[in-house]
Structure formats: C-alpha cells, structure tokens
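S.K.: Dock chain to chain to rebuild the complex, using the hints, since each chain is given by itself in its own frame.
Residue numbers (the working numbering), protein chains in the order written: chain A, 1 to 262; chain B, 1001 to 1390.
Careful, some of the hints might be misleading.
[Unchecked claim] The following label-pair restraints were derived from C-beta to C-beta distances:
no., chain 1, residue 1, chain 2, residue 2, range
1, A, N192, B, D1173, 29 to 39 Å
2, A, P233, B, D1173, 38 to 48 Å
3, B, Q1324, A, E151, 47 to 57 Å
4, A, V71, B, R1057, 45 to 55 Å
5, A, E151, B, N1067, 31 to 41 Å
6, A, I48, B, E1132, 48 to 58 Å
Hints were generated in silico from the structure; no laboratory data involved.
The beta-carbon is built from N, C-alpha and C at its ideal position, and this holds for glycine as well.
What follows is the residue order along each chain.
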Amino acid sequence: MFEELLEDIAQKNGLREVNTYLKLAAGLGAIILCLFSTGYIPPLFIAIVLTLVILFLARVDMQTYAELFVVPLWFAIMSVAGIILISGGHDLFWRWDILPAFSLSITRDSINQGVFVFCRVLGGMSAICFISLTTPMTDIFTVFRRCKVPEAMIDLMMIIYRTIFILMDQVVQVYHAQVMRLGYSTWRESLNSFASLCGAVFISSWDAGEDLIRAMDARCYDGKFALMGETHPVEKLPCLAVGVFLMLSTAVVILCGNNTIL
Amino acid sequence: MSSIILEARNVRYRYPRGMEAVCDISFHIRKGEKIALVGPNGAGKSTLLKMFNGMIRPDSGLMLFDNRPIEYDIASLRILRKRVGFVLQNPDRQIIAPTVYQDVAFGPTNLGYPEHEVKRVVTLALRHVGLEGFERRPPHQLSGGEKKRVAIAGVLAMDPDVLVLDEPTSGLDPSGSEDIMELLDELNHDGKTIIISTHNVELAYPWADRAILLLEGKILEEGVPQIAFGNPEYVRRAHLSLPILLELYMEMQKRGFQVQEKKPHTVLDMMHCIETVLHKTTRLIHPGTITVCNVDQDIQNTISTWLSSRSGITVGAMGTRAKQRAENEQIHLDFTYGVIDKCILKSLLGEDSLIMTTATMVDRITQRVREYANESGVPIIVNLLEVKQP
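Chain B on its own, in the form it takes in the complex (with noise of 0.2 Å):
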C-alpha cells in the first residue's frame, strides 16, 4: 500500500459567526488515490477542500501534507499550493486571464519559471485537457466543459501531486461530465492523486476508490465505494440516492437470489451477477476480441484500412488524445467513457472491438481484461494493433 500524502487528525473549523462546518474530522489519503468526498450541501465538503491546501485553517486539530504538519507562513503555504492544485467550483471564477494561454500561464510565471519553461508546461498541460489550439481565445467565448478544461490545466500547469476539485461536474451536461471524470481518470493513472468532492452519486460510484460520506461536517461512512453507499440509511439521511447498481443488487438480494457475495462495482460485475443466478453463464465458445490501437504512433493508414476491412466495428477512445485523434481521422466512437468494461461487454456478445489509446493506458486495459479473465473464467484476447511502417 502507497504511503499517506494527505491526513486529517481531529479537524475542526466553525465560520466566524455560523454553525460547525467540520467537527472532529480525521481521515486519510493515501498518494494515487481517487477519493470522493459525497453529502448533501452545506455537510462541510468545501470547507473540507478548501483546508487541503491551506485555504482555510482548522481552527483546532492537525493537517497533514506529506506526514508533516501543514504550516500557515507564506512561504510554506506557496510550496504546499504547488504540491496541491484546487480546482474551484465555478471556473468562471478560477481563470483570471483574459486569454487561456495566459490563464494556465499563470502559475507557472507566478513560480518564477523561465518563459521557455512556461511555455513548455502551458503546452503540455493544454494537450493534457485536449484544448490545444485554444491558446489566444478569451474564455468567455468558451463553453462550460471547455472552461473546466482550462482552469484544470491551469492547475496542472503547476505539477501539482494532489489534485483537489470542488464538484468538477456541477453545470456540465451528462458527456461533459463523463468526459471530466474520463480525465481524472487519465491523471490518476499518470501519477496524482485526485480528490472530488460531488453529490452525483452515480458518476462517483464507479469511478471512486474510496468515497468518504459526509454529513453535517461528520464522516458517516468511509471505504469502498461498495461500502460507503452501502447502507441505504446512511444513504437518505445524506439526501442522496443510492447507486441503482447497489440498489439493484440489494433487491435480488431481498428476493432471496443467491448473488455473489462481493458487490457490483460495475455494469459488468452485475451482468456476471446476474448471470450466475441464472445459472446462464454466456460461455460462448469465441468471445469476441478487443484490439488496442496505440495512437502515439504513426497509425493514420494502417487504422483506417483495418477499420474499412472491418465495418460495423465498435470502437471506443480512452484518453483526451486518443479521442482528439479519432477525431482527426473522422472515426466515429460508440464509447468515450468506462470503454474497457464496455467493450468487455461487447466480447461477451461475440463481438470484436477496437480501442484507441495512448502508449501509457495500453497495459492498464490488458491487465483490466486478465483480471476480469481470472474472475469469470471467459478468456478475452487482447491484441495489439501492428502498425505497418510504410
């Protein structure tokens, strides 16, 4: 298990004037962790975040950065703030620059970076989010995904280790809030340790490795996200919903099916669910394959006459690159979002799949598909796409 980064020792704070915000809080995060914080509004969420990277300071108990206490001087707030980036709710409110470059140019120049330096971090950060090409437009002309984009690479234009967003969803339509969490999980996977707090319980259900639910500045529930949502009491008195995953599997459970012991985290995991109680376990005699496409490499012929031999393929993006360059190649995608499990799906079908990605997520999907493999006893080919040198 990866060391702690982030830890919460016995936290209180109350707004000058008003009720207990946080009461008594500990907890911790350990480094690569996707964390989501859930509860209704005013349970203390945001001030939680905020204390993150020293945006408010507890008014008792300790915060911990890196197993050292967090300290409040100047300097040593500036050093924290690089290591922890904050993505405000409302982006409108976080870019400042009246143009995108200079807005995720902002942090770095305030580092003290050198210009080429700057320059460097601002590109690689933009292509991070998928806007590159957006440099000299004003934000104001952007749309709100587009905006979210900026002010999340304004943040990672710092490097930061810890990634904190504040309901990085809210206000975005359902693809645009999918598209986000596809990001997250891009940057998980490269390293950061990422930190939401939200009350879309059903994004947050299949994405979280832990989610910690809060109410009334008290931790009532923390842990998987399979237990953490688990008890559907906790659940209402939280004025959320439960995940129809979890509500599903716990209404065969009522109905005396013998399910699995271990919850659906997934739509897969519950297809699997139901069909060991139905005893009809599609155990085809050729699953389908799953091709991965590296888009890193030189792909633009090869792809485009393996796809033409294949018509009717379901082809899916993982990664804001991979989609960009699907889009360049004027693909069409069936799937943008969790692409692994649903092509997994597809296999099951008897149906062969292509998945485009980036050099770095290749293994993620074959270790993805071996461990579901292992689960379920149906073996999936995983290829790789030959690119063909010219």
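The shape of chain A in the complex, shown without the other chains (with noise of 0.2 Å):
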C-alpha cells in the first residue's frame, strides 16, 4: 500500500526531528520559487536540491523516491510531448501537416516552452516530495491547529486519518479472501468480487463508526481533542539551511531571469 509506505517513510525519516514549520516552509517557498520562476534554470536546481537532501539529509531509499517520482514523470513527459508538438512559435525545426486545418511542429519557442513546463514540474514534485517524505500528516494537524483552521475541520481529519489504515487493512483482508477463493479469475468475476468487496467494507466501516463511538464515549468524549504536545524547537543550523536554500534560490530566480535552453 503506496499511502502506508509514505506515512512510514515520513515517521521514520532522518529530518523527522526538524520543525515542522521550517520543512514546510523550505517546501512551500520552493514550490513558490517554481512558479514565480521564469525561465527553466531555477526549478532544476531546487529539484536537484531538495533531491539531494531528500535521498542523503532524510535518508529516503533510493529506489522507493524513483518508484515514487516515476508516475508523475510519464504524465510530464507526455505532456510536454504534447506542449512541444502543438504550440508554434519561431524557427521552425519540423513540421507535419496532418489534416488541412491542424498540424504538428517543433519550434525553437516550443522546445523552450516545453524544457521550461518539465523543469517546473520536476521542481514542484521534489517539492512535493520533500513534505510528504520528511512530515508526517501527525505533524501537519499541529500546524493546522496553530494556523487556525476550525476544530471541528481538525478532529474529523484526524479520525480519518486514523480510520483509513483501519479500512485500509479490512479491505486488504477481504481482497485476500476473495483472491484465495479465486474471486478476480474473469472479468465477470472481478466485477462480482469488486462489488462484493465495497459491500462488505461499507458494512464493517459502518461497524467500525458505532464502535468508535461507544470507545469515545466510553472515555467521556466531550467534543474535544487532545493537542499534540509541543513541536520541535528551531534550531540554528536547520534554520540556516532553510534560510540559505531559499535565498540562493531566489538568487537563482533573479540570476536567471528568463534564459532559454536554445
């Protein structure tokens, strides 16, 4: 199960210790600095950045962070494909003319465009990448509380996070079951089993909701919910990291300007 591992990852990582508020901020300005960014230089140096913290400072496996960048790297690439081939510009390098009204090329502005669009995705996923692996949900529902977002809001996050693994785990058990008895065999089959699968964890679900009631009454619930204790201290040198990071990559935005690949 991808979401688990994630959370595991993020529960284990070597920056776990590290202020929440500083790895969401070297997170959040990084994706900023992608966007704000306008020529396709600053994104790859933040995407090689954070990557390299990622797989050396938070100690995340190597080929778990590749599985887990490849699926959004084919949508990219076949977007970009897809940027290239259809936008025109100047200097045209090749062109098809498929039907009377619509054809194909590649231009000098295109392959810019379409470098700069990939960069800026690969320096959004690592940035991306970067919270999910080195913050754990638990620690976001802290900041959550301490920027303000409603109780309510909060507590329901919290029970579904926690209820997910539950569900998680039930719907595992039950896909077992049915594989054991051959239940995906045919087509037809996997419809049936699939149908029979959603029925019988929309059921225990619908236990598991009772059951979570009687256990919070059982501890006098009474519409609240305890605080994560404290968060990490700042540190100097984290800090300073953080600091560093996105001010060199702003330096980089600036620098950069809007420099093309041809």
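M.R.: Encoded structure:
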C-alpha cells in the first residue's frame, strides 16, 4: 500500500525531528519559487537540491524515491511532448501537416516552453515529495491547529487519518479472502468480487463507526481532541540551512531571468 | 474484607429482536478484586461488562456502583465512566487518535484537565504500560500487544478505580498475553479493581481472585478459581477446558492418592501436593536464596558486578518498569511471568535467584515467600540487594 508506505517513511525519516514549520517553509517556498521563475534553471536547481536533501539528509531509500517519481514523470513527459508538438512559434525545425487545418510542428519556442514546463514539474514534484517524505500527517495536524483551521475540521481529519489505515487493512483482508477463492479470475468475476468487496467494507466501516462512538463515549467524549504536545524547537543549523536554500534559490530565480535552453 | 464496589441485582437484558443475553444475574465485586468472567461465545460476558460503565442499560434489575444505583443521565455517566475504565476487545476500535500521545490524552482532555496536567497523566500512564518514547508513533505501526497497551494506557490516564477489559489477551501471542496479565496484576497491586472476560482458562485460573462462570446469560458457578472451575460437568457445559492443574489433581484423587484437601492453584502448590503424596519432601538443608533488587534505585554498577560474580544465576523481572530496566542494562531474563513462584521452585532445587522489581512490589515478594515458608515448612531466605553508594 503506497499511502501507508509514504506515511511510514515520513515517520522514520532522518529529518523527522526538525521543526515542522521549517520543513513546510522549505517545501512551500520551493513551490512558490518554481512558480515565480521564468527560466528553466531555477526549478531544475530546486529539484536537484531537494532531491539530494531527500536522499542524503532524510535518508530515503533511492529506489522508493525513484518509484515515487516515475508516475508523475510519465505524465510530465507526455504533456510536455504535447506542448512541444502543438504550440507554435518562431524558428521552425520540423513540421507535419496532418489535416488541412491542423499541423504538428517543433519550433525553438515550443522546445523552450516544453523544457521550462518540464523543469517546473520536476521542481514542484520534488518539493511535494520533500514535504510528504519528511513531514508526517500527524505533525501537519499541529500546524493546522496553529493556523486556526476550524477545530471540527481538524478533528475530522484526525479521525479520518486514523480510520484510513483500519479501512485499508479491512480491504486487504477481504481482497485476499476473495483472491484465495479465485475471486478475480475472470472479468465478470472481478466485477462481482469488487462489488462484494465494496459491500463488505461498507458494512464493516459502519460497524467501526459505531464502535468509534462507543470508544469515545467510554472515555467521556466532550467534543475535545488532545493536542499533540509540542513541536520541536527551531534549531539554529536547520533554520540557517532553510534560509540559505531559499535565498540561494531566489538569487538563482533573479539571476537566470528568463533565459532559455535554445 | 473490603467494601463492595460493583453490584448487580437481578439484572436482565435482551437485545432488540434477539434472545435474552443476560437473564436475572446477581453478583457483587469488591474493591481490589481480580475477577475473571469466563464462558463460551455468546454467554453474555461482553454484554455484562458493558453494563459496568453504563454503555448498556439493563431492561430490569439494578446495577450499583459504590453502593449507589447507576444513573443514566449524561452527567452521571461521565462520572461513572471516569471511575470505571473500559478496554474494548479490539484495540483498533478503541484507539481513535492519530498518535499514541493524542490517544492516551483523549480521556484526560475531555475531562477538562489543563494541558500540563494532561501531559503529566499521559506520561505516567505510558510509563505504567511500558511505552515510554512511543508518544509520536501512529497506532497503525504498532504490534498487537503494543496497541493493547496503548488502549489500556488510554483508560489508565483517567485514573479509574475499576478497570474492565473485554478479552484482554485475544489475538496476542502467549508471551504477549502473559505480559498483559502481569501488567493487570501490577495495576491490581496499585489498588485497582480489575474485571476481565476471557476464554483462556489457563491464564485466568492462577490469575483471578474469583471467577464467574457464565452460560446462556446465567451464572453457572462463582467463587475462587478452584471452585469455579472445580466442577468438570459445568466446565464442559460452558465449552471450556479444565485447568491442567485441576485435572492433574483430580486424576490423582481418582487413583486413590492421599492428596491434600486444598486444590492446587499454582505449579508450586502442585509440586507440594505431589511431594506429599510421594513422601519425598525436598527438605534441603540449604534451599536457595532469593535476592530482590529494587530497580527504582541507582543499580547500574551494583547489579552488573553482582551478576558477574554469580554467572548462570536465574533472573526474573516483575513489573513493566523492572523489565524495561533489565532490557536497558542488557540483563537476560529467565522469567517474566509468575516470577515469585518460579523463583521459589528454583530455591527448592537449591538454586539461587534474583528478582528485579519496583519498590512497591518488594513487600509482596517477601510476603508471598513467607506465606509459602509457613505452609510448607521450608524456610527460604529473601535478601534485598544492597546498593552501594558510589
């Protein structure tokens, strides 16, 4: 289960003990800088720095990180190919008139545009990965509370977070039980099995919901959810590192302006 | 005898469109008792347990807590539930919050404790169950035994007088089950009344002060475990099995051996019983001594030198903190459950042993050993490990 894997990595990563706000500042700052940059170099710079941080400071396994990156990377490659072929511009390199009113072309401008978008995707992806691999959800709840997100929302989020894993367990169990009895052997059978899986999980989650209320009542539920104690204090070195990273990235954004690859 | 804390008077309950789950049951539970409710599936154990903290209201009859009838308005229920803690069978269903700390803090927060107080009781509860350092872990990463401990800590944090546990050992491996039973023993020693429901006769038999045998919503037998499990016919009807000690004892009786009147409660009792039959008491000139080490002191240097001078000595630990301490000091533990009895057995073989335990349990060890000495006439010496001040 991928979601579980992500959370598990986040819970054990090397930057777990760094202050949550610092990590979020680095990640969100990187995304914003990626959006502000007009050239392809700044996002690439951000992507490389954050990837190195994820691999060597957070000590995330290289293969896991690569697997995580592959899916959006395919998306990016396909849409960039589209952009390069469809958007026009000066300095034509190649052209193919398929239909009278529609043609594919590769131009200097379209390649520049494509590379720029591709690098932005890389930068944004690595920033998102940085946040999700170094900051577990449980820490983000605390930030939400500090940011005055309505209590009811946070409580709901926490209960949902907790139940996701229980539900996922249920799904895996039912799924295995079905596979063991040849549940997904044919296409028709798959449809049937999937329907009964949904039914079974719905019933058991209904059950779990009732137990949840009972469990909360048994512990005097009064509409309150405990805060997760304290966040880790802001330490000098990580604070400095995040500051340097963001400043350096800003400098790269300003210096590179809108230079292009071709 | 201590005062009655929970009482049922002619309690009946029927599930909607179902059969009667509890029919006309009356019994009482005294402060500081360890009670085991045993019976087959569907005997009404869980239903009965849920009445203790007002989650189920009996159709007729009266439930009393602290000699006052339980009231079912919200305010009274809150007070009742603070004093009667309930641990569900499935810890996944009991654990609500995304981290261990938040879950254990759930009760105290809802009771309106200030934040520093919440923190204090949570730390205390987690230390009690041996889960220090687990505060920030999400529950889905914990093992079954650890989840159970979190669930127990969540209830302990509200400091209840009575702890009700539905099948506390279900789904745990044997050593995990023993650890939980030992934890319950420890909590009981701290003055909490403990009520459990279980199928596990072998665990319940030596543990419980009193057992209640339930079948089809009625009490079949009630009393000290020797009596509650003493009738093979009832035990069979309740779909349980006889505790192996009782079975042995009965077989000896059937073969005409002159066994003592008192039925054996522990392996120690059984050995005593067999030795009387064989007229071969292990009347050693020098039974082994038991040394008790109080882990609440600074024992680090003392214990390592003490142990190194006695290589191969048997070491047991009683209580969560003692076990943790042993792990920290990298001391290999031979016994972690039923430690006192096992060490007495070692003494009877002429071997020495060491028990690591917390300050409050030291008296209990000397008391138990003295009881045994009086009963059997074998004087066993209990020493307290002297801690040298550095």
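S.K.: Hints numbered earlier in the text: which of these fail when held up against the supplied structure?
M.R.: 3, 6
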